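Undergrad: Next come the chains, spelled out residue by residue.
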Amino acid sequence: MSGAVPRAAGGCGLLVAAIPYLWLLAFFLAPFLIVLRIALSDAATDQPPYAPHFLGFDALGEFFAGLDFENFRLLGEDALYWQSYLSSLRIAGLTTLIALALGYPLAYAMAMAPKRWQSILLLLVVLPFWTSFLIRVYAWIGILRPQGLLDMALGWLGLASEPLRLLNTDTAVLIGMVYSYLPFMVLPLYTTLQKLDGTLVEAAADLGATPLTSFRTVTLPLSLPGILAGSALVFIPAIGEFVIPDLLGGPDTLMVGKVLWSEFFSNRDWPLASAVAIVLLIVLVLPLVLLQRAGRAAR
Amino acid sequence: MNASSDAATRRSSPGSVRRDFQPWNDPAAKPLVEFRNVTKRFGKVTAVDALSLSIHAREFFALLGPSGCGKTTLMRMLAGFEQPDEGEILLDGVDITTVPPHQRPVNMMFQSYALFPHLSVGDNIAYGLKREGLPKAQVRERVDAMLKRVRLNGFEGRRPDQLSGGQRQRVALARALVKQPKLLLLDEPLGALDKKLREATQYELMDLQTDLGLTFMVVTHDQDEAMTMADRMAVMDQGRLLQIAPPDLIYEAPANRFVAEFVGDINLIEGRVTAVEGDLVTLENQHVGVIELDEDAPSCQPGDALAIGLRPEKIGLSHDEPQQAVNKVAGEIWDIGYLGDMTMIQVMVGGDEGKLLKVSLTNRTRRIERPFAWEDRVWLSWDIEAGLVLAS
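Top to bottom, those sequences are chains B and V.
Using our numbering, the first residue of the first sequence is number 31, and each one after it goes up by one.
Using our numbering, the first residue of the second sequence is number 3, and each one after it goes up by one.
Hints in this document: simulated from the structure, not taken from any laboratory.
Note that the structure is a prediction, hence the values are computed from the model and not measured.
Hints may contain errors.
Examples of chain V residues toward chain B, derived with CB under 7 Å [stated by the list, open to error]:
1. MET110
2. SER114
3. GLY130
Residues on chain B that point at chain V, a partial pick, calculated with CB under 8 Å [as the list claims (entries may be wrong)]:
4. ALA48
5. ASP227
6. ALA233
7. ALA235
8. ASP236
9. ALA239
10. THR240
11. THR243
12. VAL248
13. THR249
14. LEU252
15. ASP282
In silico SDA-like pairs for lysine to any residue, Cα to Cα no more than 20 Å straight-line [as the list claims (entries may be wrong)]:
16. LYS225(B) x PRO119(V)
17. LYS132(V) x PHE245(B)
18. LYS225(B) x ARG366(V)
19. LYS132(V) x LEU242(B)
20. LYS132(V) x THR243(B)
21. LYS184(V) x MET77(V)
22. LYS330(V) x ASP250(V)
23. LYS184(V) x GLU134(V)
24. LYS132(V) x THR240(B)
25. LYS330(V) x SER301(V)
26. LYS225(B) x PRO162(V)
27. LYS198(V) x GLY215(V)
28. LYS288(B) x LEU105(B)
29. LYS132(V) x ARG142(V)
30. LYS360(V) x GLY291(V)
31. LYS316(V) x ASP250(V)
32. LYS150(V) x GLY215(V)
33. LYS225(B) x GLU134(V)
34. LYS145(B) x PHE44(V)
35. LYS145(B) x GLY45(V)
36. LYS225(B) x LEU121(V)
37. LYS132(V) x LEU252(B)
38. LYS138(V) x LEU252(B)
39. LYS46(V) x PRO144(B)
40. LYS360(V) x MET344(V)
Glycine included, C-beta positions come from ideal geometry on N, C-alpha and C.
Given the sequences, and given the hints that come with them, work out the whole structure.
TA: In structure tokens form, the structure reads like this:
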């Protein structure tokens, strides 16, 4: 069969095949190389604020001689940096776990709902995206601040007399992160669960599995691709998140996104900020590769 | 066998599958499955309508009907996936109407097979045994025996998507059989197989059922499948059972018009009764003429409208007028359908605007030149036993 399919006319077919690669080259590889080059440079009071500059191909040797791993060494020496990485990993990991714990039942209920309800439920999950992300995070300040909406509500219900003092804590950051990233967990989970063949669950019951066992042995393993996709979609942006920890977090909330921001804008140390970004990329790619391996094994 | 079942045996229908096996004729026999006035509605649609049915242990029971007749709903109620709105279902004398599926000693082979795609063949078959909490060694032993039984030894490590359709069908069968259920439900078990494989598998299923001494209930829309395999079959339409009988009785003595038309080919002739003398009924149809037929204790009166059925293979075809025949009519061949083993001939009787009757001829010889051709003037004839009276 495949032999009978005519080859796509040379140039045109090649172009179509090349588009994703050109895209990656222009918008991923090239920027990455620029950031890497800055990370290997030294900070300088200059415009742009790093050295050495690329002065032409004649001075290529000199240019390369000016590059070094000084900034990466610095990242290893100062506890602030690896602590912020660890803290980011912890907060992103917790966010992912909580989003999974909340998102799975949500997605499951959506997938089991009558067909005519599903599109409405789906719309409700996506609805928050119609409002600006920044405004939604700001709204949480109003809810979480002392004497805010949450404190008032709890006061009226007689559940708490003292203010909870949630704002500017890691808990507030977690709440904001879970809230913001939950749809990214729910959507891939819903897609996998909705595609799940209902007769498989019936077959499990028929063979003597209690509802819980059939969930554990059939539904859960078959929804693993959705779990992995949702977790990746939450974990990756969460680890580098800047806006939420900046607005909801406190002075001791340590996250890479904030460190990167302050190195870049406050300290104007572009090379160090670039090094932070490069290490973040490595930290992100590593679990991603592991996730993909797990996904392949599950299949 | 006790005396009463021996008595039942003597009343055996001609050529039934297992001559000595007719528990349904034994009033003392306790059925394995009993539906008592079971009704199931989906919204305004009544899928199963006040239905009662008994299935006996070791029986191969087939439920036959057009799609949407309620046969699948009936089976799903037996498996526990649907709850009846009214009535009760008994298994081995125990009311299981509200027992959840995982607690029923009933297993089902799904039409889509429903094999777990993430488990190997071996783990698929072992799934049900593990749920029973059997020791590992025993699970292994039974899975191995079952693999051998369905000729899949060596395949236990494969995933379902690495198997052919026929192999998947056998895994699905093995997975249900290994639980040694009191009752095995098979939903269109051969529907996804090609013709040759389907025929071979029919006989395999029958052998398995007899060897293991299990009770099978097959749901199918394929009458050949049902007739080949079943001890008894039930014809269902619009949520009701129209007839429950061994296949030969369903075919030769259908309870009504629907059954007669649904199972096999039939010529339907409507007429008016002109005379009833003892068991001999005479009726007249405007195209076919006078027809005599033999009917046990006929309930019709002269003047009644009556529908009779004539199976195509019960009609004889000749060029010359058959002098001896009681029932005969002249006609013209309009159509000849050559099917290899037999030929289906359509004959127009009673003039060009008359009635088309189907006659089937077995092709006993390899002669390519057939004795009958289009537009031949021919005679049709049949015995007084051939026609059957059909209730509407």
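Undergrad: What hints, given by number in increasing order, does this structure fail?
TA: Hints 4, 13, 15, 18, 22, 25, 27, 33 and 38 contradicted; others consistent.
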